[in-house]
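A.B. asks: Okay, here's what each chain looks like letter by letter:
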Amino acid sequence: MAYKRHVDRLPIIPADAKKHNVTCHYCIVGCGYNAYTWPVNKQGGTEPDKNAFGVDLSQQQSAQTGAWYSPSMYNVVKQDGKDVHLVIRPDPNCVVNSGLGSVRGARMAENRRSDQTGTQQQRLKEPMVWRYGTWQPTSWDDALDLVARVTARVIDKDNENDLFVAMFDHGGSAGGYENTWGTGKLYFGSMKVKNCRIHNRPAYNSEVHSTRDMGVGELNYAYEDYELTDTIFLVGANPLETQSNLFLNHMVPGIRNGAKVVIVDPRRTVTVNACETEAGKENVLQLAIKSGTDLALFNTLFTHIADQGWVDKDFIANSTFQGDVAQAEDGAHPAALGGFEMAREACRMSLAEGAEICGIPEADIVKAAEWIAKPKDDGARRKCVTAYEKGIIWGNDNYRTVGALVNIGLATGNIGREGGGVCRLGGHQEGYMRPSDGHVGRPAPYIDQLIISGQGKVHHIWANDHYKTTLNASEFKRVYNKRTNMVKEAMDARAGATREELVDAIVEAINAGGLFSVNVDIIHSQIGQAAHVILPAVESGEMNLTSMNGERRMRLVEKYMDGPGSAKPDCLIAAGLAQALERVLREGGRAEYADQFKGYDWASEEDAFMDGYHANTGEIVTYDRLRAMGNNGVQEPVVDFKDGKLVGTKRLYADGQFDRHGRDDKKALFCAGAWRGLQAPGKTQQRDSYAFLINNGRSNINWQNWFLDQDNDFVSDRYPFPFIEINPEDMAELDLKEGDLVEVYNDVGATQAMVYPTETARRKETFMLFGAPSGTQGNVINAGVNELVLPNYKQTWANIRKISDAPASVKHLSFKPKEYTPA
Amino acid sequence: MSRCSKMVDVGRRQFLRGGALAAAGAATATVLPVQPAKAAGMAMVDYPANRLGNVADLKPNEPLDVAYPDDDAPGVLLKLGKAVEGGVGPEGDIVGFSTMCPHQGFPLSYNAERRTMNCPGHYSVFDCEAGGQQTWGHATQNLPQYTLRVDDKGDIYAEGVDELLYGRLSNVL
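So the protein lines, in turn, are chains A and B.
Numbering of the first sequence is given in our numbering, commencing with residue 19 and proceeding in unit increments.
Numbering of the second sequence is given in our numbering, commencing with residue 273 and proceeding in unit increments.
It is worth saying that the hints were derived from the structure and are not from the lab.
When the alpha-carbon atoms are kept at most 20 Å apart in a straight line, the in silico SDA-like pairs for lysine to any residue are as follows:
hint	chain 1	residue 1	chain 2	residue 2
1	B	Lys354	A	His830
2	A	Lys829	B	Lys354
3	A	Lys68	B	Ser442
4	A	Lys829	B	Glu401
5	A	Lys60	B	Ser442
Distance ranges between label pairs, derived from CB positions:
hint	chain 1	residue 1	chain 2	residue 2	range
6	B	Glu431	A	Asp133	28 to 38 Å
7	B	Glu334	A	Asp133	47 to 57 Å
8	A	Gln139	B	Thr419	25 to 35 Å
9	A	Pro57	B	Glu431	30 to 40 Å
10	A	Val665	B	Glu431	50 to 60 Å
11	A	Lys100	B	Ala321	40 to 50 Å
12	B	Glu334	A	Arg645	50 to 60 Å
13	A	Gln134	B	Thr419	22 to 32 Å
14	B	Glu431	A	Glu777	30 to 40 Å
15	B	Thr419	A	Asp101	27 to 37 Å
16	B	Glu334	A	Asp396	44 to 54 Å
17	A	Asn503	B	Glu431	49 to 59 Å
18	A	Pro110	B	Glu334	33 to 43 Å
19	A	Asn503	B	Thr419	47 to 57 Å
The beta-carbon is built from N, C-alpha and C at its ideal position, and this holds for glycine as well.
Work out the full structure: start from the sequences and follow the hints.
C.D. replies: Here it is in structure tokens:
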């Protein structure tokens, strides 16, 4: 039987409940919500004057009402040490979502730790140290002292290369401007740590280097552009599932306004189906290309559009580089960058060639080009908004492919204008404020492979779970367990030793090839099982937190509840670690180095915000000013404060001046990246050796690596295992039934998944859910990356064999098609 | 054509009130709910035992429009033709569900071939053969299902709902 809560009544929010601004802390869209809190011994009434909505709640409310909340939007939590009711409900007045809640965000309340209702008991409350053969809770002073003493032994003023750092760079969740600044100031300010990586990839790099090098920041539009455009061009993206309310509240209205849709994806997603439902099949064109051939498609489109003369000549003349090569191809630039004609020649690809490589009809490429760029009958320029995400970001030849897509936007003058934009859709919200990362270099060190090869002595991890979300994960886990176990064994052998003796024992173990692992997270993660010190952090809402969404809309989430136990904001953990390092270094007679760790006397996350964001962005934005802007916030960059309001920027590059590359001429560059097949090492061989494409990505219900969802009954009931969508004829050949547990295996590893029959899946092309705790898809992703160490998840091939019949936990599940049907 | 599909014909962008939806269902006219009990101060609300129909009224795989626990809460009875968990009747194949989408309250329509309820508002899909599990969608709860009982005469009674109904903070208003 499907999971049911058997909650048939909820407390009513009283009229005088506290109301807080909340931006959803999950995906990039950043939907507005309100958190209501009130004392646990009170409740409102159904009469209009007795509830927060001012309506008669004794009556059935209409569809799309703002005066209803589901059981998942309710919880009992602590606020200032007291038990309070909590409701987190979508905000009808937020322009981002207009009252829509997603299957992720509408569970925010239920996904808070509550000792009253028993939710999220996995949240960490106290620091823990590996001691007496397991993890023992301890004080912050004790835990930070051990981290500082071990760390201080492997770093020095001029050489911090033995300290490896994995740190999130995102907004929302436990990220945001406060926390990226806290960690950034420590590792890039006080220190100059070179060996570092970001939460979802094995190096400290951009996922979209090429668009930035071309002068075009990747989040350049406003969401309203989807409502103002003629064509929506979606590439390697599935927004109905992964940016749900952007799709529902902005793309669908655009489609209803008459926009056509071009979708590049080898897989028929629910997004394709929904677009067809809204626009009619005749107005939706899916280009189901062969996996990894996006670059050939874009170069063919670029060629055809240019040959037809469907380009914006004035825009090219006024806003793009006039000349040949502005930036030559080199180790840091996997393609040359420069003028339109130069790039056009380098990218030239005929319709016949493109159709052959991509495996689609020439006529479809021509039709796509017409929908994207052909001027209207009256000669007016066609507006087209282009959105891309992991399909190409984590796909073949990242640099050239993203660059080729931006080429089309630049050639047609569709950047910086209403109804235009060439943007990534994004995963998390953003919230990046750090000192320069220039010392890291480009290409950045491939950290996971360095760890596998035995490098690094101390590893600080801030909300990364490589075990679930890195590539080459089978080998990474094997080596990481071995190296960290060496340190655990050394610590176990010195039980009862003094701190000095213990640190000596740890240092001896790491000098022998061990690794000392410090894990800062909100839960005891999978990689956290290898940790020696665990430090508990809080999330958005348990602290004040600022981020921006996919149209650069910045909001302040107001703290509405206490964090679990003594858990702290990451910025204050970083500050505590900096202070501990300063003290330890000074004690050790390293005064000059110790001085570098001054400047962390922050009493709150607001202090960190003022030290970071405020001080580095013109000193305009403050918490008070942002709070007053509510859930609609302000779009960055914020340029002024006038008439009591922050003044932002609706879309970037409206003046035709492109500056993301830092060039003084402010001219955009085109990318001269010719097609070169599967670029990353090992991919072609894997494709030729294994039967199935293991395409992979997200579902709408599972957020990120399921870190909270793994403890959410509604979600874990639906997917106890990651699904793998397989064509029924392939299932028959493998003698598989729905729900069967299968092993997916290839030359680099193996993982498991649950069979989900999918009629629309092409033969030999599967799709597996990413990031699951019960079947890590990254186990079968090889180590191959592009020149700038961008991982290539999407092009993965493997074989499939049955492990067992459907396990008990999946026998009650729905295995029906996920596509909506009108009747 | 089932009543649920007619709801879609009414116009997907029309935000109908629950009462209007229930009134549109012809079958509800044959059902006379007893006065629902008011919510009392107990953990579960006190549900009325309402006769929703008779086993003889149901044709395999054709939804019968009902309302429960009151006229403002539209739903369906379904005879699925195979025994399912929570199913009642001689074949254990009769189930009942709310037809207000638990995401945003849009009226669901029944796909007889797939035996799913489908939401025209935001494309969610619920599986009537799997306890109303959301096959795919935006709702944070599975489709509210009725607790049913069949008496000696074949009359089908609803006596409870297993999730909160959309648009009300108490299943019994």
